[in-house]
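Asker: Just so we're aligned, residue 1 is where the sequence shown starts under UniProt numbering, counting upward by one.
Take the hints with a grain of salt, since some may be wrong.
Estimated spans, in silico, between C-beta atoms of each pair [to be verified]:
| hint | residue 1 | residue 2 | range |
| --- | --- | --- | --- |
| 1 | Ala89 | Ala121 | 26 to 36 Å |
| 2 | Arg210 | Gly250 | 14 to 24 Å |
| 3 | Lys166 | Trp22 | 17 to 27 Å |
| 4 | His21 | Lys166 | 17 to 27 Å |
| 5 | Gly242 | Thr200 | 47 to 57 Å |
| 6 | Gln174 | Arg210 | 13 to 23 Å |
| 7 | Thr200 | Lys241 | 47 to 57 Å |
| 8 | Lys241 | Lys166 | 22 to 32 Å |
| 9 | Pro277 | Asp70 | 30 to 40 Å |
| 10 | Val50 | Trp177 | 47 to 57 Å |
| 11 | Gln174 | Gln87 | 32 to 42 Å |
Source of the hints: derived by calculation from the structure; they are not laboratory data.
Glycine included, every Cβ here is placed at the ideal spot set by N, Cα and C.
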Amino acid sequence: MATENSSSPFLAPLDVAALQHWQRVAAASASPWLHEEVGRRMQEKLDWIVRRPDAWCDWEPVRGGMQAHDALAARYSQSAVWVVHEQPAHQQVARQRWQGSRWSRLWGGKPQVHWGAPPDASVDMVWANMGLHQVADPQACMHQWAQWLRPDGFVMFSALGPDTLKELRALYAQQGWPPCAQDFVDMHDWGDMLLAQGFTEPIMDMEHVRLQYASAERLLQDLRAWGRNLHPARFAALRGKGWRQRLLDGLRGLADAQGNITVTFEIIYGHAVKAPPRMKVAGQTHISLGDMRQALKRKG
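Using the sequences and the accompanying hints, generate a full structural model.
Answerer: This is the structure in structure tokens:
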């Protein structure tokens with residue numbers, strides 16, 4: 001029986017067993033092209049941020065966008081970077097790409113690449129591209145990001161939103177089939193989660209990306225590369241004979257006069273700053289030396 005993630009009012013439930021299976025699937029040698037494109041667009045938003053991080057963390061870049069990681073490393077060529085993956089196999093793919101003399105020559109011996117989770121309060125930016133919608137407990141994930149960040153450090157993330165695959169959802173509903181994909185979280189709920197996990201000044205943005213496909217087969221190929229159906233009510237058994245053909249026929253029925261099938265993806269972008277530590281005032285107050293230094297820096 002499928003199990004679901006926690007019943008937080010912010011979260012759309014996921015089939016945790018299906019999610020764990022997807023996470024264990026070996027990573028491809030190249031990231032999904034849609035994720036790379038979203039990463040490129042999210043990097044444009046960095047042009048408005050004057051502060052350059054001394055150290056930053058790339059969370060799950062193998063599926064999130066390896067070319068996007070290369071571009072970030074070029075932008076912050078003097079900064080140390082931490083590469084974080086939950087799955088050892090994915091971390092190994094990252095090591096094969098970025099470890100060794102070739103990487104050092106490419107960026108003149110920098111950035112310093114570290115593998116695994118950074119120490120608490122050690123990085124100025126967490127970069128998380130197109131992965132948060134496939135996390136069973138995103139609030140716990142955000143809490144971890146906040147721990148890694150220094151006070152006044154910031155997070156940049158992207159995720160799929162509720163309008164994603166609305167054409168396929170309508171087709172499945174019309175046919176009486178179980179859902180084709182999980183329900184995705186609204187951008188306002190992402191902002192509320194950030195606030196709940198110690199971030200401040202969240203800035204949320206979204207856009208609709210509409211992709212046209214000349215064939216139903218190519219559409220299914222891309223969808224399979226980008227993720228899995230994690231809806232708890234999805235059809236969890238093996239499909240019967242003829243199912244794939246019925247699906248292909250249904251998708252072809254969505255084509256326009258030119259034979260193109262249009263599919264919508266809602267892309268959500270989030271940016272937030274880690275709130276500085278609050279100093280409790282009481283009859284007798286104990287303030288750590290680190291917190292006092294941070295407070296003096298902000299006042300200066």
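Asker: Are there hints from earlier that the structure breaks, and if so, what are their numbers?
Answerer: Hint check: nothing fails, all pass.
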